[in-house]
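**Q** Mind docking chain B on chain A? Use the hints.
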Amino acid sequence: MAVKFASEEWARQFKDEVNRSSVYKAAAKGWKWPVGLVVEAEPDKNFPESVGIVMDLFDGEARDIKVGPVSEAQKCDFVITAPYTRWKQVATKELDATKGILQGKLKMKGDLPTIVRYTKASQEMTECTTRVPVVWPDAN
Amino acid sequence: MHDAGPGRMARRKLRAKTRAKLVDYADGEPSAFASMLGGLIEANVHGSEAKQRDFDSLAARVGIWVTDIDEGVTLDFKKGSLVVHNGLQPKRSITIRAEADTVMNLSNLKIGLFGMPVYYDEVGRGVALKLLRGRLKIDGLVGNLATLNTVTRIFSVQ
Chain A
1 MAVKFASEEW ARQFKDEVNR SSVYKAAAKG WKWPVGLVVE AEPDKNFPES VGIVMDLFDG
61 EARDIKVGPV SEAQKCDFVI TAPYTRWKQV ATKELDATKG ILQGKLKMKG DLPTIVRYTK
121 ASQEMTECTT RVPVVWPDAN
Chain B
141 MHDAGPGRMA RRKLRAKTRA KLVDYADGEP SAFASMLGGL IEANVHGSEA KQRDFDSLAA
201 RVGIWVTDID EGVTLDFKKG SLVVHNGLQP KRSITIRAEA DTVMNLSNLK IGLFGMPVYY
261 DEVGRGVALK LLRGRLKIDG LVGNLATLNT VTRIFSVQ
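Those protein sequence lines, which keep their order, are chains A and B. Anchor point for the first sequence: position 116 equals 116 in our numbering, and the numbering is continuous, going up by one each time. Just add 140 to wherever you are in the second sequence, counting from 1, and you've got our numbering.
Keep in mind that the hints were calculated from the coordinates and are not lab data. Glycine included, C-beta positions come from ideal geometry on N, C-alpha and C. Heads up, a few of these hints could be off.
Rough simulated footprint, nothing fancy, chain A against chain B, three-plus residues with beta-carbon under 8 Å [said to hold, decoys possible]: (1) 178-188; (2) 230-244.
Example chain A residues on the side facing chain B (calculated, C-beta under 7 Å, incomplete) [to be verified]: (3) Lys66; (4) Thr98; (5) Leu102; (6) Pro113; (7) Val116.
Bound conformation, chain B alone:
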């Protein structure tokens, strides 16, 4: 007969059924874009152990500015948690500036060998072309390539 009391259970790990909250919003009223990115990252991290590892290891402030709607967010990754700010905040390590379509396409980049984003398929070529044509700008790329790749992996829904 099982004892339903709260006593110790030998060598049995309990798995929390509720998901830990990973994302917080700095603003009382997060913008639609902030809510969407925060929600997307939370769902991605909860859905993949590899993304969870990336999320747990990442400490960086990443800005994303959507040029054709004049809105942006700052994602403050803090090794296992994320605070999403409306607008661009100071002390960012990377800032990505692109049109809405391109920002969505960044989330559709496939991840290939060694965790590198794939730039040779249709989506990847489109992103690379935008970069070459200056319609996708990444400030702070030099010295932060590994961070950019980690962020891309966390973003990717593929």
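Bound-form chain A, shown alone:
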């Protein structure tokens, strides 16, 4: 059943998808830093307030994924920030996350060599988001 984007239920299903992925498990071996995603508000898209998503990722496992305030997500070692529409494009495979980062459509903060070392893991993480059926707030 489809869930509301960036809701608690969405976070739970996202976490389950990540933990079901053998590709992610192998590619993220050795990763030990929390990742924050910031989804910036777009009131005209019925997404009125910015949201932070904190992902507790450790050694190929998603230990927890929580939706909360932006300030919490911004405290993470690695933070990816983009407006709501961009995240929707990523989750619906309209925008490849790697390309989005190189084009500056998604803004990234964190140690670059570490991020590049785990490119495959981050790509699979993106794949996992596409497998969660979502009800988008701007859908008619």
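**A** This is chain B only, laid out in the frame that chain A set:
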């Protein structure tokens, strides 16, 4: 008692705690790709003495064009410093043209014996296959193989 004054200290080398700035951007507003490559190279060089030696010895203009986003940069290595330009600039010794994924994979090439990139593991085979299929093109390879290997070593995060 120590004298805190600025006098000479016998046979003691002072280590600068601040990192030297290695990378400059030619454009007032560097593109996201330019900032990312510049940042990556700076972090790599600061993190490894071997990469620092490579960086200090390299004088070359290297272009990188990402075919699926139609964006590129020129990396102007000047023996110990680097100027990153948005877009492809003239007088390049090497130009690498590939999709975004492949460009990222170039940074994931392992470096093996004699400082040569490893092409027999999963990442290396993927890069070699792209080269054979024409999805990774390297202009200026002939005569600049040593430069390409040095650039690959500086790029590599492995």
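**Q** Each of the hints needs a verdict: does it hold here or not?
**A** Cross-check of the supplied hints:
no.	hint	result
1	178-188	holds (count 5)
2	230-244	holds (count 4)
3	Lys66	violated (28 Å)
4	Thr98	holds (5 Å)
5	Leu102	holds (5 Å)
6	Pro113	holds (4 Å)
7	Val116	holds (5 Å)
The structure fails hint 3 only (numbered hints given earlier).
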